[in-house]
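Chain by chain, the residues run as shown.
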Amino acid sequence: MTRTVSRPAGAHQVPLPLDVEAIRADFPILSRTVRDGKRLVYLDSGATSQKPTSVLDAERWFYENVNAAPHRGAHQLAEEATAAYEAARTTIGAFIGAPENEVVFTRNSTEAINLVAYALSNAATAKEPEFRRYAVGQGDEIVVTEMEHHANLLPWQQLCERTGATLRWLGLTDDGRLDLSDLGTVVNERTKLVAVTQQSNILGTINPLGGIIARAREVGALVLVDGAQSVPHQQVDVTELGADFLVFSGHKMLGPTGVGVLWGRYDVLDALPPFLTGGSMIEVVRMERSTFMPPPQRFEAGVPMTAQVIGLAAAVEYLQRLGMEKVQAHEEALTEYALAQLQAIPGVTVIGPPDTVARGGAISFTVEGVHPHDVGQVLDDLGIAVRVGHHCAWPVVRRYGVPATTRATFYVHTGYDDVDALVEGVREAQRFFGVAPSDDEGATT
Amino acid sequence: MQLQSMYQDIILDHYRNPHGRGLRDPFQAEVHHVNPTCGDEVTLRVHLDGETIADVSYEGMGCSISQASVSAMYDLVIGKSVTEAMHTGEQFMTLMQSKGNATVAEELEDDLEDAVAFAGVSKYPARVKCALMSWMALKDASARALSSPTGGADA
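Keeping their order, the protein sequence lines are chains B and A. Under the working numbering, think of the first position of the first sequence as 1, with each following residue one higher. Under the working numbering, think of the first position of the second sequence as 446, with each following residue one higher.
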């Protein structure tokens, strides 16, 4: 991929929509130092986000005041825990425009996708006729894209192996976007489900889901949208989206680890057999066989991650106070600035869309002559946390002919000073490894 | 700067001018190892003359640590018996587990030669795998070479 944007170094900084200093004060971890007293420049929110005090307080409040297993027991704590858990479901559902009975709590996006994939193969062997509606088997096709995170690829590969269905995929263009030229043939009458990410975790691309979902509708296929990188960063409304499933992870949106969400259209969820079975999800249990609760309980076996769900609701409220439109505008301003600054460095190549059109704030890049691990090591030494490697999207780095990339991701506490630190750090890596352009000689040899 | 302790000049020299790089014939075993967390990979061949490692040839892509490590390993194992080379590999593993303990590095300096420069890497758990990848490949390839029909017989 070539650098197509030419912008003078020192691109101007528009005022950021969010008050970065005030927000940073909400995140205890941002006041610690790393690597011998350096300020922490956290540019790895795409892997996991940091947590504001209100989220930590919400979990603590639950454990100190209410802790009990929800949906079991008749004592006061159990009642209060159930009420808190279900109130959190309402809050989190409202965040994506969904009624609470369409919100299923999972461990994370990965588990939510696996839930759907296993429900579809379980449907093929279900004894109950009402659970067979979406059964996947031989002759059926599942469609993914080449830019999916492994979490939205492997469950479908495995589903196809279990059922004899065929996996197909949409490819990528050289500028980091979905190649939709063969959408009409890849998604066809045999397609049972299309699984696609809304925002690429490695390229930053925001995908044009409207056309893909419309095509899936034409052929009667289900659509699952991976929102792990979109729901934390932009307003997502499931009614506008028009898909059948949306998955996202709490820990990437200021919430705790261990909680994710599967949203599903109620009539679709209601026609799916369970994935995990056990306590909580049952209607009547006999030794011979059992019947199951309606959604969402059908998909929530066992005592749930109650404190984490309540923490996630606090994270949602924090984001709502900031306003998702502002969050997105904030990241777009940072992305525009960072793309200009990075692409102004000779030897740096951005892997993904070179401008902010239909693009989020994940910026992957390579530095000529310096392996991403070594770039990351130099940045780490300066207190800058980025991700290096294939970002759980190995086919993407392969597609673009690089072994790995360095990736910076932004969030609500990110400021221009963080981007400046990154840019200076990349130049330092070039100096350290003796590949700095012209004026600088290798500093180490 | 902490970086200097990790990226010793010896490591950067091996990285920029790797020793023994390239795949060569003859060989009794070829293995392909990857580091699944980052995608780095190495293809490595072993040629035995009896019990002696006559050649180790390799191609790979990866960070400076992984590439320098295979180069330093090449220098250390050529001409050694498989048993001796595996012992050296164990010493290198000990160094990688030393968490930056200078005493460990001093004790191993005579045996590990240039490879003792990787002592600084042991302070960074995420990078230890990079340094060990080629040694794991060598262990694997040597075992296969010894058990291959032509193992040890000079091809």
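Simulated from the structure, these hints should not be mistaken for lab results. Among the hints, a few may not be true.
What the hints assert, rightly or not - As a list, the in silico DSBU-like pairs of lysine-lysine whose alpha-carbon atoms are at most 35 angstroms apart:
#1 B:Lys38 with A:Lys525
#2 A:Lys584 with B:Lys326
#3 A:Lys584 with A:Lys568
#4 A:Lys544 with A:Lys525
#5 A:Lys584 with B:Lys38
#6 B:Lys326 with B:Lys127
#7 A:Lys525 with A:Lys568
#8 A:Lys584 with A:Lys525
#9 A:Lys584 with A:Lys574
Hints versus structure:
Straight-line distance between C-alpha atoms of Lys38 (chain B) and Lys525 (chain A) comes to about 46 angstroms, which puts the hinted pair past the 35 angstroms bound. Our distance criterion of 35 angstroms between C-alpha atoms is broken by Lys584 (chain A) and Lys326 (chain B), whose separation comes to about 55 angstroms. Restraint check for Lys584 (chain A) and Lys568 (chain A): the C-alpha separation of about 24 angstroms stays at or below 35 angstroms, so the hint holds. Note on Lys544 (chain A) and Lys525 (chain A): the hinted pairing holds, with a Cα-Cα distance of about 28 angstroms set against a maximum of 35 angstroms.
Note on Lys584 (chain A) and Lys38 (chain B): the hinted pairing is violated, with a Cα-Cα distance of about 40 angstroms set against a maximum of 35 angstroms. In summary, the hint linking Lys326 (chain B) to Lys127 (chain B) is not supported, as the alpha carbons are separated by about 49 angstroms, beyond the 35 angstroms threshold. A threshold of 35 angstroms between alpha carbons decides the hint, and for Lys525 (chain A) with Lys568 (chain A) the separation of about 29 angstroms falls inside it, so the pair holds. Only pairs whose Cα atoms come within 35 angstroms are accepted, and Lys584 (chain A) paired with Lys525 (chain A) is accepted, the gap being roughly 13 angstroms.
The hinted pair formed by Lys584 (chain A) and Lys574 (chain A) meets the criterion: a straight-line CA distance of about 15 angstroms does not exceed 35 angstroms.
Hints 1, 2, 5, 6 from the list above are not met by this structure, while the remaining hints are.
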